[in-house]
Amino acid sequence: MMDLRWTPAEDQFRAEARAWLEANAPREPLPHGDTFEGFPVNRAWERRLFEAGWAVVSWPREYGGREASLWEWLIFEEEYYRIGLPQRVAQNGIFLLAPSIFEFGTQEQRDEILPRMAGVDDIWCQGWSEPNAGSDLAGIRSTGVRDDAAGGWRLHGQKTWTTRGAFATKLFGLFRTDPAADRHRGLSYLLVDLDQDGVDVRPVDKLDGDAGFAEVFFDGAFAPDSAVLGGVDRGWDVAMATTGSERGLTLRSPGRFMAAAARLVDLHHRIGAPTHDEQGARDAVVEAWMDAEAYQLNTLQTVTRLAQGATMGPESSVNKVFWSEMDIRLNEAALRLLGSRAPLVEGAPDAVDHGAWMSSFMFALAGPIYAGTNEIQRNVIAERVLGLPRK
Amino acid sequence: MHFAFSDDQLAFRDAVRDFLVRECPPSVVRSAWNGEPSQLWPQLADMGVVGLTVPEAMGGLGMDDLDLVLIMEETGRAGLPEPLVETTAVVAPLLAAIGGTVAAEHLPGIADGSTIAVMTFGAEYAPWADRAGLVVRAAADTVELLSPDAYALVPQANVDAARPLFALDPRVLDGGPVLASGPAAAALAGAARDRGALAVAAQLCGLAARMLDITVEYVKERKQFGVPIGSYQAVKHHLANVELKLAYARPVVYRAAWSRHAGDPLASVHCSMAKVYASEAASVAVKACLQCHGAIAYTLEHDLHLFMKRVWALLPAYGDARWHQSRVATHVLG
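Residue numbers (our numbering), protein chains in the order written: chain G, -16 to 374; chain L, 47 to 380.
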């Protein structure tokens, strides 16, 4: 039977999470994690989360989790964002790579990688895009050349748009290990140590001014056989599983948008709307608020299916398009309320909320690009959900 | 937390879907356009659909909005030209809530299919009132039952001829027995409007899904430049947008049904969100599906217009999206 109420046990979990966060979360807002000043502060906070067992609530205890259900994970995310905490610097590891490690990793890989990932000893970044392989990911040219003597792979080539690459210690990426094979075959999913000779990480300033991006150049760096995830030349399948996590449930939980919508409503209460735009801005605010609710409801349906044993299929693309476009509308609504103060950024005397809305608007504009452009996602929806022909 | 329908609810939905696929093809909707009712009402009553919300003691199934919402979606998908929203979603639960002799007098006839019931709100038009044996009217401060000799109907030709609309002629209108007045009347009328908005929202989702199905099949077959037009990205993106809208409208609609079932204090707000999201999904579907067909669907010969026009007819029913959004805005922003 349908029941859209939380159980007493889930309420208890929420109360416990809320109490810990309220007692332990930093009093001052954390600086942005994608800056050289902000990254170590965020990392220290996330270490604290790990030590208290709240970093990866849904993971097994042996890896630092508390074996929470997906429902409890959703609740934790709601509480995390509700109290005003930012997205995690560990996210590309714990939300993108980790599900693939659980699915495809060897016991040794799990034991070695997961606790260090959860404890932010290692910061993982994603090495997929290349100068000539964006939406057409199978166009990857970076190579892994067999080195039998050393028992592994010598890496050459360039990865780009590597989020948080400037701060990461490890990279998970696709490398062509069989140049003779078809585009989608002959790729291996490698787990690469960035702190070694033959790796050159060059930061690239992002549109919003943060140092979040990097180009990563490989010139003979080494990845041992134990660093292959899911089998040599089998990387495409593993990568598709990772994209499912990226687009689907874990990267953007409803709690994040519910909290943003609540801040937007609060902004409306505090500053109202420009007098020439009262009705229009009011509409924009309430539409963003409703979208966050709709996103939560859609997620609750999805988690119900997953809890019954289903797996996330191409509907993760539906999800990705919705949250990324919702995020833009939500921030646009805030800029509309701000009117002439919308362009003001940190440091301006009249900036509202330290210019945070312009920052989050610019960040939101990346949403329809990363994790697979929304054009590609709409193709996936049309082809794999609706059954339209590829050609 | 569990956001899924029960096996029984899904089985009932499937039975109704099978029945409508068999008995309510587009030709039946077309006949209704020509003034020939579908003849499906007695069979829907036999299946328990018409009396779904009537208490068991009066011949119904004693169920509520949560059991009804998937059925309503199916009637939308079929374009069913029958007053199921009015009779089963709106009036029957109102009479059941009033109880007493009014309920005992009218509900058995609703459940067995012999009485069609509709409701009007103020000066709003009443669909299918010509076939109604029972007309309930929400006036300024009362909810009344109109006596058959106390009103006259003024037909209002509308875009969807399979869903005829009527005004009550103000020169003839006379009060009938007052079922409730004051706050009790406002509560009854408000709940009735919520149920109507929810049921219509479910139908709009079904209509959008049907138009999408029709269009997906078409663009897979239709070739231009030597390939199916559904292989073109521009066409794919139109239809992906419909799927996206539906994917977020459905859970909003189902949540509203749950909230009414569970007596959630925010049920009215949730019904309003349902109407807003379903209206958007159906409106996007109409435009995308017509565009992906091209001129072939800009004809009366093609079936798509039957469903498009039902959408346009339902958009204002039980409060349009703007009315409902303003109610959500009041909740969120004061």
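If you're looking for bench data, these hints aren't it; they were derived computationally from the structure.
It is possible that part of the hints are untrue.
Listed next, the in silico EDC-like pairs over lysine to aspartate or glutamate satisfying Cα-Cα at most 20 angstroms (straight line) [to be verified]:
no.: 1; chain 1: L; residue 1: Lys266; chain 2: G; residue 2: Glu366
no.: 2; chain 1: L; residue 1: Lys355; chain 2: L; residue 2: Asp259
no.: 3; chain 1: G; residue 1: Lys374; chain 2: L; residue 2: Glu267
no.: 4; chain 1: G; residue 1: Lys189; chain 2: G; residue 2: Asp208
All figures in this text were calculated on a predicted structure; none of them were measured in a lab.
Violated hints - listed by number, lowest first | Violated: hint 4 alone.
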